[in-house]
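Produce the complete structure using the sequences and hints provided.
Protein chains in written order, with the numbering used here: chain A, 1 to 409; chain B, 1001 to 1409.
Derived DSSO-like pairs: lysine-lysine, alpha-carbon spacing no greater than 27 angstroms straight-line:
1) A:K407 with B:K1366
2) A:K366 with B:K1407
3) A:K32 with B:K1366
4) B:K1018 with B:K1172
5) A:K407 with B:K1371
6) B:K1367 with A:K407
7) A:K97 with B:K1366
8) A:K2 with A:K215
9) B:K1407 with A:K407
10) A:K367 with B:K1032
11) A:K97 with B:K1345
12) A:K32 with B:K1367
13) B:K1407 with A:K305
14) A:K366 with B:K1133
15) B:K1407 with A:K376
16) B:K1407 with A:K367
17) B:K1375 with A:K407
18) B:K1266 with B:K1174
19) B:K1370 with A:K32
20) B:K1097 with A:K366
21) A:K305 with B:K1305
By construction, these hints were calculated from the structure, which means they are not laboratory data. Owing to the predicted nature of the structure, the values given are computational and were not obtained by experimental measurement.
There are 2 protein chains.
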Amino acid sequence: MKYDLIVSEDSHGLCDVKGFQLAGVSCDIRNKNNDRLDLALIKSSTPAIAAGVFTTNDVKAAPVLVDVEHLWKSPTISAVVANSGNANACTGERGLKDAKEMCSLVAKKLKLKERDVLVCSTGRIGEFMPMEKISKGIDKAFEVLSDSKEQSVNAAEAILTSDTRKKTISVKVKCGKHEFNIAGMAKGAGMIEPNMATMLCFIASDVKISQQLLKTCLAKSVGMTFNCITVDGDMSTNDTVLVLCNGESEVEITEQNKSLFEAFQKALEKVCAYLARHIVADGERITKVVQVNILSARDESQAEKVAKAIANSLLVKSSWYGSDPNWGRLADAAGYARTGIVFEKMDLNYDGIEVLRQGVVIDENKKLWKKAVAKKEFVININLNLGKASWTVLTTDLSEGYVDFNKGE
Amino acid sequence: MKYDLIVSEDSHGLCDVKGFQLAGVSCDIRNKNNDRLDLALIKSSTPAIAAGVFTTNDVKAAPVLVDVEHLWKSPTISAVVANSGNANACTGERGLKDAKEMCSLVAKKLKLKERDVLVCSTGRIGEFMPMEKISKGIDKAFEVLSDSKEQSVNAAEAILTSDTRKKTISVKVKCGKHEFNIAGMAKGAGMIEPNMATMLCFIASDVKISQQLLKTCLAKSVGMTFNCITVDGDMSTNDTVLVLCNGESEVEITEQNKSLFEAFQKALEKVCAYLARHIVADGERITKVVQVNILSARDESQAEKVAKAIANSLLVKSSWYGSDPNWGRLADAAGYARTGIVFEKMDLNYDGIEVLRQGVVIDENKKLWKKAVAKKEFVININLNLGKASWTVLTTDLSEGYVDFNKGE
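Here's what the structure looks like:
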């Protein structure tokens, strides 16, 4: 049985999935007295099977700790509350209490338990949540909660911080007589680094699925997408990818039904890949998106280390910003990953234009390299010629604007 | 027996050590038709016991490979030739031939063997050495070779690349009736990262010492100094620290004579520490030098990883540039080192001004933190309260100027 994925990029977001209601409101978390949207609510009509992937940072924000606990206590989740402007990270006992209180405030409205609600926060680290404002924001969110396009878009905007635009995608899947939907929204633009990013991502689907299988599918999708992007090498305290499946389509995903299973996995990957790419492309003050493919590595670990060393090198990223095809800096970074690469075996090309063949420079292509590196998006392929493993990282250049933007007060 | 170290900072360099002659000349390696000094020669009157520490990058420049071979073949070295403007890295067989030829040209002048000479190069990666120019430069160097202050300073200037100033130090050591000298010169301003830097360092002394003991002393000194600095996290293909001891003072360093041994070790550390600090302080377009001390770690490895994560974080470095005491970014970076730190146990202070006590913010000090972080040099102490180990890294802020400077063509 074949399947079709009908993809709507830059869609209205989660309202495209049956049984999900959304809200995006402003409650002035940033103390700026403007109407910036800063609190989002996601509600499923029925308890949804849920799974999550979280930051591996030793310093985990309070909402991350609370969500891990709630997902462990209960396989189904009915609502998620998220805010921007304050990360509720490094806030100790009071932060934990506040994160739980956010769940509790939503749960009370729905006559559910605290553990039926998840919470996500993003923004400045080390400041306490303004709980009075949050409480009013939650009230406001329930007033406007709906399956309208407007509130879905508002929710996608309320989670943004330094992002310049919302990031949403919807995928309709047709597989024989079956039809189901999956949609996602995400935020993230700085502190982006594998495992994962200052990144929040919310995915909703109307399939029926077991929590165990959903976890497996999510881990696979995240590994290939969100864990392969970097902007600045800084991994955050709050990274979260959540997926909720409410079963409203009546389509059941099991490993036994291979076509449906594959269709769901592919659709989930599509959603993750799109959002990951758009997080990179919206990286703070970036001017270029660069895909680094490490091929013919001895093993995946080598390929990954080499790819990340290049993708995070300040010298490499600065030269991309200046459209300088400085392959020497790439070779240097590949070498300091210290995985045992052999420069004399290395092939390298920019967008297919040969730069190095077995460590020898193809100088006559010099003008063409420059053209490739001057583009807004290009691909770098490095063949280590040591084995069969590969790894890809999506990264960006580093601009003066990044430093200016992040220099603070 | 006590000893005294008489330190001359910003000295004339290696000419302060008996029996060393120097030269710094220009031979237009950069093809710019200016008179920039770009070739240095160091010659010892007698064969000097030598030891070296080299980059651990998988991609090692040709001169590094040649020096390792020469030091293995012969414990004594009579001369070193060094150039800036071209790194002779990623240049394959031809690069190796050129590096050997540089040694050979010098050896012929001195009627010695190729293996009695070492070679160092720094500059752009991936371009062949202009050997005709180099050959003329070596001729020129022999014409002016002397123990004069002028040529010693010229040598220290000829090895510079993006540095804004020469880096030299001399130490006279008095220990009872014994007196000996040790002096050093170094270059390095970008691609600075532990193990080590795009860094060349040449140290000369007039002590007598065995190669084995000299190696041990050098390794210890480098571990505590050059391996604890970072500007941009990029480790180069050419890093080299060489030390030559020609015995002219007749003072013999052995482990048995504890006072003399300790005096020599301290003096060597002093030279390395001074040059390492000045490499950081001359970091490309930096505005601040920051010392990060990680204390009470479980073990040294944890302390080192946490220190380096903070010292290399783009977000942390950008906030220092803006004089923003954003301790949340420090905590985040400490966490993503993933060594098992516990935020709730962490103490943090800026120049002694308390910021965190067991994970709780001391908010009343806010104005004082800002003052500390606005200084050109400050110290950050982080107490992990997990054990007894510690590690220190010397790092810099990251400015828009760094990106501008490195964006290339």
